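Based on the hints, put chain R in the right spot on chain D.
Number of protein chains: 2
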Amino acid sequence: MPPQPNPDFLRRAIALATQNVIDGLGGPFAALIVRDGQVIAEAANSVTATCDPTAHGEVNAIRAAARALGTFSLAGCELYTSCEPCPMCLAAAHWARLSAVWYGASAADAARAGFDDAFLYEEFRREPAARSLPARQLLGDEAWESFAAWLASPLKVDY
Amino acid sequence: MPPQPNPDFLRRAIALATQNVIDGLGGPFAALIVRDGQVIAEAANSVTATCDPTAHGEVNAIRAAARALGTFSLAGCELYTSCEPCPMCLAAAHWARLSAVWYGASAADAARAGFDDAFLYEEFRREPAARSLPARQLLGDEAWESFAAWLASPLKVDY
Numbered sequence: 001m002p003p004q005p006n007p008d009f010l011r012r013a014i015a016l017a018t019q020n021v022i023d024g025l026g027g028p029f030a031a032l033i034v035r036d037g038q039v040i041a042e043a044a045n046s047v048t049a050t051c052d053p054t055a056h057g058e059v060n061a062i063r064a065a066a067r068a069l070g071t072f073s074l075a076g077c078e079l080y081t082s083c084e085p086c087p088m089c090l091a092a093a094h095w096a097r098l099s100a101v102w103y104g105a106s107a108a109d110a111a112r113a114g115f116d117d118a119f120l121y122e123e124f125r126r127e128p129a130a131r132s133l134p135a136r137q138l139l140g141d142e143a144w145e146s147f148a149a150w151l152a153s154p155l156k157v158d159y
Numbered sequence: 001m002p003p004q005p006n007p008d009f010l011r012r013a014i015a016l017a018t019q020n021v022i023d024g025l026g027g028p029f030a031a032l033i034v035r036d037g038q039v040i041a042e043a044a045n046s047v048t049a050t051c052d053p054t055a056h057g058e059v060n061a062i063r064a065a066a067r068a069l070g071t072f073s074l075a076g077c078e079l080y081t082s083c084e085p086c087p088m089c090l091a092a093a094h095w096a097r098l099s100a101v102w103y104g105a106s107a108a109d110a111a112r113a114g115f116d117d118a119f120l121y122e123e124f125r126r127e128p129a130a131r132s133l134p135a136r137q138l139l140g141d142e143a144w145e146s147f148a149a150w151l152a153s154p155l156k157v158d159y
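From first to last, the protein sequence lines are chains D and R. Going by the working numbering, the first sequence opens with residue 1, and the numbers climb by one from there. Going by the working numbering, the second sequence opens with residue 1, and the numbers climb by one from there.
Here chain D stands alone, though its shape is the one from the complex:
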């Protein structure tokens, strides 16, 4: 059976997001990391308060959960987030090896509130050359040197 959400955890994320706005601490977003019905970490958006453009609720919660568990893999954990994760946060959920994502508001809702989430999803569907942020490759051959070192390294910790 696929995993099933517990709406109470999502209500908690929504309440934290609203409180974050009321307190003037950041954007209207918050998230929880849950494992086996237990909250491992919860966090709200703190982009403006901490001068960190990556400090979305989901990223903050993932960082806090990994710190709490002392591991870089959150396999077996689920993300409850007040809003559909932006591409940064969804990719972070992948890298953290989360097993499911439950969200409240949609990226379209976020767009109506003035956030770029829906725009970013469209950007990622475009070919790189058609995206709004210019990105270009150079020194491709020289850059392989770092991967060659990785493949040969006896010290590497896979992640």
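Treat the hints loosely; a few may be bogus.
As the list claims (entries may be wrong) - Label pairs and their computed distance ranges (CB to CB):
| no. | chain 1 | residue 1 | chain 2 | residue 2 | range |
| --- | --- | --- | --- | --- | --- |
| 1 | R | Val39 | D | Ala148 | 36 to 44 Å |
| 2 | D | Asp8 | R | Gly114 | 22 to 30 Å |
| 3 | D | Arg126 | R | Gly76 | 22 to 30 Å |
| 4 | R | Phe119 | D | Ala148 | 17 to 25 Å |
| 5 | D | Ile22 | R | Ile22 | 47 to 55 Å |
| 6 | R | Asp141 | D | Glu127 | 33 to 41 Å |
| 7 | R | Ser153 | D | Glu142 | 47 to 55 Å |
| 8 | D | Leu155 | R | Ala111 | 20 to 28 Å |
| 9 | D | Phe119 | R | Gly76 | 17 to 25 Å |
| 10 | R | Gly140 | D | Ala148 | 43 to 51 Å |
| 11 | D | Ala148 | R | Glu142 | 21 to 29 Å |
Derived from the structure by calculation, the hints contain no laboratory data. Nothing here was measured: the structure is a model prediction, and the numbers come from that model. No residue lacks a Cβ here, since even glycine has one placed at the ideal position from N, Cα and C.
Here is chain R on its own, set in the frame of chain D:
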């Protein structure tokens, strides 16, 4: 004229990425944030060393640059990164309002070295229901409450 890269900054990122592997500190990735020809911050991947699945070189460099400048917007700054940014890092570059991205190795190179970057780009092209990480919306109406609070808030700092 569109922005032009300085290969020396990319060579520095590649050297840092290789050194990170040699030192056994993390993955073969590193990045610089540059503004007006000056390095604002540089950082390597520290996922395993710091137990933070979001600690890619680019995210670490963006966070360090924002901290150094005391701002959540890095408008006018450019990212030099040893490898094509994964979707998390590319979205972080958008949120940081960077003006250009210059990269060395490609996502395909990263895949050949055992990293999921190319897989993740494919995931983002799929419809949500077809992605490997289950994600589902619930409580959409209740979740709008956080955005309503945001739109009404006299305290909000746009970002």
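Broken hints, by number = When the structure is compared with the hints, numbers 1, 2, 11 turn out to be violated.
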